Amino acid sequence: MSEPVVVDRATKRFAGHTAVNALSLSVPSGIIYGLLGPNGAGKTTTLRMIMDIYEPDEGSVRLFGQVGGGRTHSARIGYLPEERGLYPRMRVVDVLVFLAEAKGMSRRAARIKALDWLERLGLIDWRLRKVSDLSKGMQQKVQFISTILHDPELVILDEPFSGLDPVNSQVLRDTVVDYRRRGKTVLFSTHIMEHAEQLCDRLCIIARGKKLIDGTLAEVKRTHGGQHLIVAFDGSQGAAQRIFSDRRLVAKIQDFGQQAELELTNGADPQEILRGLVESGARLARFELASPSLHKIFVDLVGPEAATAAAIPATTAAGVGAGA
Amino acid sequence: MHKVWAVIRREFVERVRTRWFWISAILGPVLFGGVIVYQIMQSVGGGVRDIAVVDSTTSAFGRRVTEALAASPNFRVTRVPAGPRVIDSLTSLVEAKQLNGFLIISNDLTETGKAEYRASNLSLQTVEGLERALNKVAVKVRLETRGVNPAVVDWAQGIRITLDQTKIARGKTTKESAGESFILAYVMAVLLFMAILLYGVNVMSSGLEEKTTRVIEVLVSSLRPFQLMLGKVAGAGAVSFFQFLIWGVSARLLISLRVPIARALGADASAAAGMKLPHIPFATLVVFMAFFLGGFLLYSAMFAAVGAMSSNEQEARQAQQPVTYLLMISYFSIIGLTNDPSSTFARTLSIVPFTSPIATPVRWTAGSMGVGELGASLAMLLIGIVAITWVAARIYRVGILMTGKRPTMKELVRWVRA
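The listed protein sequences correspond, in order, to chains A and B.
Residues in the first sequence are numbered from 1 upward in steps of one, following the working numbering.
Residues in the second sequence are numbered from 1 upward in steps of one, following the working numbering.
A couple of the hints might just be wrong.
[As the list claims (entries may be wrong)] Just a few of them, taken from the derived set where beta-carbon distance is under 8 Å, the chain B residues facing chain A:
1. 6
2. 14
3. 15
4. 214
5. 218
6. 219
7. 220
8. 222
9. 223
10. 224
11. 351
[Stated by the list, open to error] FRET-style restraints, in silico, Cβ to Cβ:
12. B/17 / A/257: 51 to 59 Å
13. B/205 / A/137: 27 to 35 Å
14. B/402 / A/137: 54 to 62 Å
[What the hints assert, rightly or not] Taking lysine-lysine pairs in the BS3-like style, the calculated list, with each CA pair at most 30 Å apart, reads:
15. A/130 / B/140
16. A/113 / A/136
17. A/252 / A/210
18. B/3 / A/113
19. A/252 / A/221
20. A/211 / A/252
21. B/136 / A/136
22. B/97 / B/136
23. A/211 / A/221
Because the hints were derived from the structure by calculation, they are not lab data.
If you're wondering where the values come from, they're calculated on a predicted model, not measured in any experiment.
Where a beta carbon is used, it is the ideal one built from N, C-alpha and C, also for glycine.
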């Protein structure tokens, strides 16, 4: 089976700047693929080129082994754009049916599916209400339903987690994972590395329109490895900063306040650091030897100025105390 | 094609579901019914005017005028001798609505032909009635003073001339008065203008809505922009046809029910039955529909492009002005067209695609247009539609994805050429 998405040296320029520069990537079938990059890296432009919204100035896009972008294959693709939007004055069920019809689905089948999904996501009582009567979160759900209503083989999600509360975020994650289990392909963009780390089988990091690295999550971690240590404090940090600044042990540090990720120098002994921390009076919540987080790799690759645009990890803080 | 249908259906259903559609659907027949009821009421005696004649003549002239007016079924007359404060008290009676108006006559009348009428409502019909009556009496008095026998004068004035009007148009002659075809042409032109403007603007705002709500991105990844534009234009067109259908059917119904309505209002049913209705030949109806459709396609394509290149309502309002002006040209020339439908001006308007949707039906109704000229006008309109749609679709294609600042003329040209 040919790969669902192949982008071949695609370039897109807008008045004065190059948004995407000779970018190539290929998404194999049946996986979750993450397109990562800081804001303004060219993620949305890339997805729009795949979806036939923009035509690449150079290079090409092939979907399912055939020339032509998303519009030609709209029945097989579900697309969730970065800027969400539905017809505010239409009834929920009518919007869903219309958007499915626009992708080539029959009216009747679309209706059955729409009601089925509304039931599943707890919106069935709202089916005859206007979209504008729904809360923002509910509208997000409706939009997500419209993306997958026609049971596409390939789902393309542009920043799917932005604006979602934790509960809906979890619903989305479950659906995405379920999708892959059923042999479908998911391509999504994000600038939040933790989402990517949890979900992606393969990923591609881009910045300023260029690809920096791509491969499986394990490959990326291996090539940008080094021994990493995650330290989280429980209140007092003691004289931890003194130990962290010891260049014999620590090559690089990312300090998040209550948590820090250290890249150790070659041959440094983590036990020495643990001893030092305990002696310094620091109270530890977590002391864990780890492969580098994707966030760390990301910051290393795109540079600190881009990292400020990226979010600070929120989810790892929840994983309390492995080794302390 | 299935996709275009989906767009058409959505456009139609969502418009027809709005409150505004039904308000205007009901308002049309209500207005029309009002006109019918008004005409019936007029025939019942709403037309009788209570007037006073302020007489300062020293001869029997004032009395004769009063008698002549009293003989008409349209007036109830009282003669009041002129005196101090008479005018004031009559004026207050008029203001209190106890009197429709009063006529002031003096000895001068038979010399200068001048008299005065003051009333709360100066309707053309009343004034003409008064003038006719005064004229008759004045002529009679003048002839009598020169010794003509009053009986001879009565006999001479006893004739009334009516013109039997026949229209020669396209090799046929029809019994139709100039007034009738003028009114028909005028009403048609106004209807066309309003329908094109209202429903064309609908196409614009619908495109703009998709842009501002960002639905457009999903749509464009499933449909070609041209399919979307086509669906919108056809959908809005279907809505306006539906509106016309409601108006047409209810007007037909009201006309066929005019006798019972008259009876219910206690009016003379035979008068209602004999009410004059403009006769619309089938060919005129076809021409009207064809040019409405053509005009609608032409203008809504332009409005679609305007909607696509604007980012918000204000911008769209500004950008639509040139398009509206084009339509206004035809609107403001309706009077000129109906006055002289064969002038070079009228011929020009009916050949230019931007004005022909209104000008051609008007000229056709007025009977000053041959089939050959009609064909040329239609052909030009079709060429115009194809050209404008092509340009509009190109602007639409690029414009719907643009946000931010409004495109300059130079950018628009680039979009079209890209």
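Violations among the numbered hints: 3, 11, 14, 15, 21
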